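Chains as they are written, first to last, in the numbering used here: chain U, 1 to 259; chain S, 1 to 563; chain L, 1 to 275.
Because the hints were derived from the structure by calculation, they are not lab data. For clarity, every value in this text was computed on a predicted model and none was experimentally measured. For glycine and all other residues, C-beta sits at the position ideal for the given N, C-alpha and C. Hints are supplied without guarantee of correctness; some may be wrong.
[What the hints assert, rightly or not] One side of the interface only, derived from the structure: several residues of chain U facing chain L at Cβ under 8 Å: (1) 135; (2) 161; (3) 193.
Residues per chain are reported as follows:
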Amino acid sequence: MQSIYSAGTSPLHRLHPLTKLAGFLLVVGVAFVLPVLAVQALALLCVAISAAVAGVPGRVARMSLVILLPLLVSLFVIQGLLFPPTRTTMLFETPWLTIWADGFLFALGVLLRLLLLTWGVLLVLITTHPADLVAALEGIGLPRAVGYVLLVAIQLVPDMSARATAILEAQRSRGLNTDGFVRRIRSLVPLIGPLIVGALADVEERAMALEERAFTASGPKTTLRELADSGAQRVARVGLMIVLVALIVARFTVLRGLL
Amino acid sequence: MSAISLRDITFTYVEAARPALSNLSLDVPQGQIIGVVGAAGAGKTTLCALCAGFVPNFYQGDFSGVAIVDGQNVVEQQVADLVRHVGLVSSDAFSQISGARFTVFEEVAFGLENLGVPRAEMIERVEWALQVTHLQDLRDRSPYALSGGQQQRLVIAATLAMRPPVLVLDEPTAQLDPHTTEQLADLLRELTHNGTTILFAEQRLEWAAELAERIAVLHEGRIVTEGAPQDVFTDTRLLDLGIGWPRPTLLALHARDAGLWPRERPLPVTTKGLLEGLSATKDERRRTDVGQIEDRDVHPLPAHPLTRLPAHEAIVHVEHVRFAYPGGVEALRGVSLAIEAGERVALVGPNGAGKSTLVRHLNGLLKPSAGQVRVADLDTRTATVARCARHVGIVFQNIRNQLFARTVRDELRFGPRNLGYSAAQIESLVDHSLDALGLRDVADTHPYDLPLPLRRLVAIAAVLAMDTEVLVLDEPTAGLDTAAVARLTALIHDLAAQGKSVVVVSHDLDFCYEALQRIVLVKDGMIHLDSAWDALTSDQRALLDETVTLPIAIRAGLPRSFA
Amino acid sequence: MVASRRGGLNSTALALIPVAIAINIVVGQIVTGTPLYLDSIGTVLVGALFGPWLGLLTGILSNVLWTFPFGNPVSIWFFYVAGVIGLLAGFAGRAGVFYRVSPRWLSAIVVGIFACALTLFVMAFLNATPSDNGPLLPNAADLVSQQPLLFLIAFVIGAALGYFVLERAGYAGLAGLLTGVVAAILSAPMAAYYFGGVTGSGTDLLVAAFRASGASILQSTLAQGTVSDPFDKMTSFLLVWLIIQALPRRILLRFPVPRAFVRGERSDAPDSTRV
Numbered sequence: 001m002q003s004i005y006s007a008g009t010s011p012l013h014r015l016h017p018l019t020k021l022a023g024f025l026l027v028v029g030v031a032f033v034l035p036v037l038a039v040q041a042l043a044l045l046c047v048a049i050s051a052a053v054a055g056v057p058g059r060v061a062r063m064s065l066v067i068l069l070p071l072l073v074s075l076f077v078i079q080g081l082l083f084p085p086t087r088t089t090m091l092f093e094t095p096w097l098t099i100w101a102d103g104f105l106f107a108l109g110v111l112l113r114l115l116l117l118t119w120g121v122l123l124v125l126i127t128t129h130p131a132d133l134v135a136a137l138e139g140i141g142l143p144r145a146v147g148y149v150l151l152v153a154i155q156l157v158p159d160m161s162a163r164a165t166a167i168l169e170a171q172r173s174r175g176l177n178t179d180g181f182v183r184r185i186r187s188l189v190p191l192i193g194p195l196i197v198g199a200l201a202d203v204e205e206r207a208m209a210l211e212e213r214a215f216t217a218s219g220p221k222t223t224l225r226e227l228a229d230s231g232a233q234r235v236a237r238v239g240l241m242i243v244l245v246a247l248i249v250a251r252f253t254v255l256r257g258l259l
Numbered sequence: 001m002s003a004i005s006l007r008d009i010t011f012t013y014v015e016a017a018r019p020a021l022s023n024l025s026l027d028v029p030q031g032q033i034i035g036v037v038g039a040a041g042a043g044k045t046t047l048c049a050l051c052a053g054f055v056p057n058f059y060q061g062d063f064s065g066v067a068i069v070d071g072q073n074v075v076e077q078q079v080a081d082l083v084r085h086v087g088l089v090s091s092d093a094f095s096q097i098s099g100a101r102f103t104v105f106e107e108v109a110f111g112l113e114n115l116g117v118p119r120a121e122m123i124e125r126v127e128w129a130l131q132v133t134h135l136q137d138l139r140d141r142s143p144y145a146l147s148g149g150q151q152q153r154l155v156i157a158a159t160l161a162m163r164p165p166v167l168v169l170d171e172p173t174a175q176l177d178p179h180t181t182e183q184l185a186d187l188l189r190e191l192t193h194n195g196t197t198i199l200f201a202e203q204r205l206e207w208a209a210e211l212a213e214r215i216a217v218l219h220e221g222r223i224v225t226e227g228a229p230q231d232v233f234t235d236t237r238l239l240d241l242g243i244g245w246p247r248p249t250l251l252a253l254h255a256r257d258a259g260l261w262p263r264e265r266p267l268p269v270t271t272k273g274l275l276e277g278l279s280a281t282k283d284e285r286r287r288t289d290v291g292q293i294e295d296r297d298v299h300p301l302p303a304h305p306l307t308r309l310p311a312h313e314a315i316v317h318v319e320h321v322r323f324a325y326p327g328g329v330e331a332l333r334g335v336s337l338a339i340e341a342g343e344r345v346a347l348v349g350p351n352g353a354g355k356s357t358l359v360r361h362l363n364g365l366l367k368p369s370a371g372q373v374r375v376a377d378l379d380t381r382t383a384t385v386a387r388c389a390r391h392v393g394i395v396f397q398n399i400r401n402q403l404f405a406r407t408v409r410d411e412l413r414f415g416p417r418n419l420g421y422s423a424a425q426i427e428s429l430v431d432h433s434l435d436a437l438g439l440r441d442v443a444d445t446h447p448y449d450l451p452l453p454l455r456r457l458v459a460i461a462a463v464l465a466m467d468t469e470v471l472v473l474d475e476p477t478a479g480l481d482t483a484a485v486a487r488l489t490a491l492i493h494d495l496a497a498q499g500k501s502v503v504v505v506s507h508d509l510d511f512c513y514e515a516l517q518r519i520v521l522v523k524d525g526m527i528h529l530d531s532a533w534d535a536l537t538s539d540q541r542a543l544l545d546e547t548v549t550l551p552i553a554i555r556a557g558l559p560r561s562f563a
Numbered sequence: 001m002v003a004s005r006r007g008g009l010n011s012t013a014l015a016l017i018p019v020a021i022a023i024n025i026v027v028g029q030i031v032t033g034t035p036l037y038l039d040s041i042g043t044v045l046v047g048a049l050f051g052p053w054l055g056l057l058t059g060i061l062s063n064v065l066w067t068f069p070f071g072n073p074v075s076i077w078f079f080y081v082a083g084v085i086g087l088l089a090g091f092a093g094r095a096g097v098f099y100r101v102s103p104r105w106l107s108a109i110v111v112g113i114f115a116c117a118l119t120l121f122v123m124a125f126l127n128a129t130p131s132d133n134g135p136l137l138p139n140a141a142d143l144v145s146q147q148p149l150l151f152l153i154a155f156v157i158g159a160a161l162g163y164f165v166l167e168r169a170g171y172a173g174l175a176g177l178l179t180g181v182v183a184a185i186l187s188a189p190m191a192a193y194y195f196g197g198v199t200g201s202g203t204d205l206l207v208a209a210f211r212a213s214g215a216s217i218l219q220s221t222l223a224q225g226t227v228s229d230p231f232d233k234m235t236s237f238l239l240v241w242l243i244i245q246a247l248p249r250r251i252l253l254r255f256p257v258p259r260a261f262v263r264g265e266r267s268d269a270p271d272s273t274r275v
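Bound-form chain U, shown alone:
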């Protein structure tokens, strides 16, 4: 499994990570605070246009499909076909299938919300290097230790996947049979055991290496990585956050009765 960042030079790639995050937060706000299909569709269009500007629309579409397909199938089968919230209006009927309007609309709402979130997340992640993202977050108060944990974990996941494969190979070479359901469950201990015991045995060396690189040393720190920012972006970030707050306030005051 790999991190999904893809290098590029589009305007979106060049934005400060916090600017992109502010945009994403606004999208999340729209998804959850304004459950109006038309508004959500409009927001989705904005995200799609941004993806096109960044030059990664195909990638966003493909990845979101892979991620969402199983979920969407479940969603439409359960909500749209089998068990609508209340069986009021029939959307259409065939001899073997009845689609209920309420269930369908409910599912459509969930679908739009999921698409907004997924496209938003993917767009930020595809156009922002994880190290830039963490560096930006450290700039607004994320503890260095947490930033460290996040970055290491991101790099370790592909490596752990590879180790899991190597363990499977080693144990199959020792005659472990993993075919079939029961065997698969039983083989968890010889497969997960070396992964975890090996990792724990490594922890000592990893901790030593961390001390050796002065991570825990007191005193001021410097950074190699520099993030490009601009006055316009700083203003834009504040603006986006004000809109988001206004949206939430409006949702629970002015729009309360409407939605």
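For chain U, the structure is supplied; the task is to place chains S and L on it using the hints.
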């Protein structure tokens, strides 16, 4: 003033029965390079950790004595404050990569960021560190995309960038191939010229002999002798302590017995010394007694015929196998190989040549894209790995990936139990395997409580207990000490005598030469050479020298019986 | 150890937590296709070795990372559930469940009783009468008296599971089951309101089954979670118990929570509850 000054150090780990270091005193003057050798468990790693300040503040235990490194009392200081004075590079490069940085360049800079070095100076120092470790071309690669040897150099670069006046390296060559080992020696020598003090612990005695100005021999936490490599490595006590002598020294000893090395000339401790000494002998003989030595010179290897046993049926047939990974890289491009009963085969070749891909075909972990692999009577394309595993046992290089049981004995039971042997059979196989590798005394110990060399033997024993006709060992000598290598060599000969075949994938050509009889060179996914060691032509020898280097004994032109 | 003196995020914790997060994500991927999630083994491990607060942190960060940057859109919304699992595993660790060995009969009784409770819960749903105010649940006592055989079978299956699978990890198993119940209760509202009760995994079928009995989305997801989460968490706790029991003391002593138990075992054993 000494850069490292240790006085009467005694240290016992929590819960340990005996001290890891006892009454140890050592002084290393500034700018000296000192090598520490000793059998597994002698205390080398503890000594390295002590010099870098990890004992007794990180590793808990009872400590007494005084340890001063670069003027700092290491016992009274935190490691994070000592890093400006002393840098430690441990043997496992992988777990020393911080993981928090995405490129080689940034990884080297990580320590400097933590020290608060200004950005401009940081870049300058990183550039220098990459240059001296020959990593400039890899600066934008991910640290995790590097080979083991490159990762080792990266970790050294990251430590060097912090400019410690004292550098401590624990088994720095454990993951390096012969070529990179030489580069590392050059780099360390250069550093000492600039005033850096270096202490390293090492299993490769030849390498230590070539690099160190001084050698200290550690045994059960004490320094038993120290001095110039020339004196220490010819001390017979090393043989008694299970540390052994460097290969060139041993070869010269055999040569002396055979009259090829004059008694009055001191034994060499380096390959260079051996080669020079032998050619000097040759010159002298040529002057005095031409005929006799000319004969030896032309036929340095006894011309045995191919020692294959035609009576035996091949157990593994690899026929015209091609294999491409899903990514499209064709790793095998038409490989044919037959392994007969009782054969001892070395599989050598540069990194990425296709050796590990080939090995994974031998028990069906990978299925050929074209061609066929037959194991006993099974076609690996249709038989399950579990069935092939009855005939071919593979021990992979990374032993961490298979150990999980609470005791050595339990670990050994896993394989035979998977193969469906009865309880009585399992116990007998396990006992037999424990004895074959000398693990009887540690049968009830946790594998992770054993020193690394023994842990590797446990991994080998675990596959040996499956009693397969073919045993495949991937880099079995990595990290092994002399005693463990001797065990392994004996095991391989025993197996062959019982009519079982052994295939060894290794960079350690000297071991291949001593323990195995046939050599197969894999390069670019094809077999370029397949011959008995004794039947190598001079062209083939040149090809080997160019791709994977030659065993010292062949380079010295000494008979195989010497090795 | 420097580590223990400072407490909190020392270098040992900093070295372990990212590894634990990677284990969560990788093992969670490996077992896709089985009815287990097993996406909290690393979290439980950190809780068991470092206590509740780092367990909490590991759980939260795992779920955040699975979304950013590994692209799982569902995971991040359940960050609080993952955090609570780590928290509970940590308290369980401090109580010593990972360092104690239970008799096998205790494991049998624990899982047996749990299986009965679960059966009661499921039966209540399946026999509910739909009405305007949601389904009317039948009387528990009636259910048991109507089908005593069913409950007996449930107990026997549960007891067998406890005796043969959980074996001597009774305490850890119990902690896992209870953690699973809490996790199910906590995750139901999020699953119901934001995802319509589905998460795209095999357990969605269970949601469908409960919906068929006329329950609301919230009730169905809660019921689904109560059926699958406890056994999932029991398996995770069991695996961590097995791994910790098999660890050498040398490694265990590096971590603060086991230090209290492993060393206590030797010197002041009288108050230990080992059997």
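Outcome of the hint check:
With 8 Å as the threshold, the beta carbon of residue 135 of chain U stays out of range of chain L, its nearest partner Cβ sitting at about 14 Å, so the hint is violated. Contact between residue 161 of chain U and chain L, as hinted, is supported at the beta carbon level, the nearest pair being about 5 Å apart and thus within 8 Å. Taking 8 Å as the C-beta contact cut-off toward chain L, the hint placing residue 193 of chain U at the interface holds, the least distance being around 6 Å.
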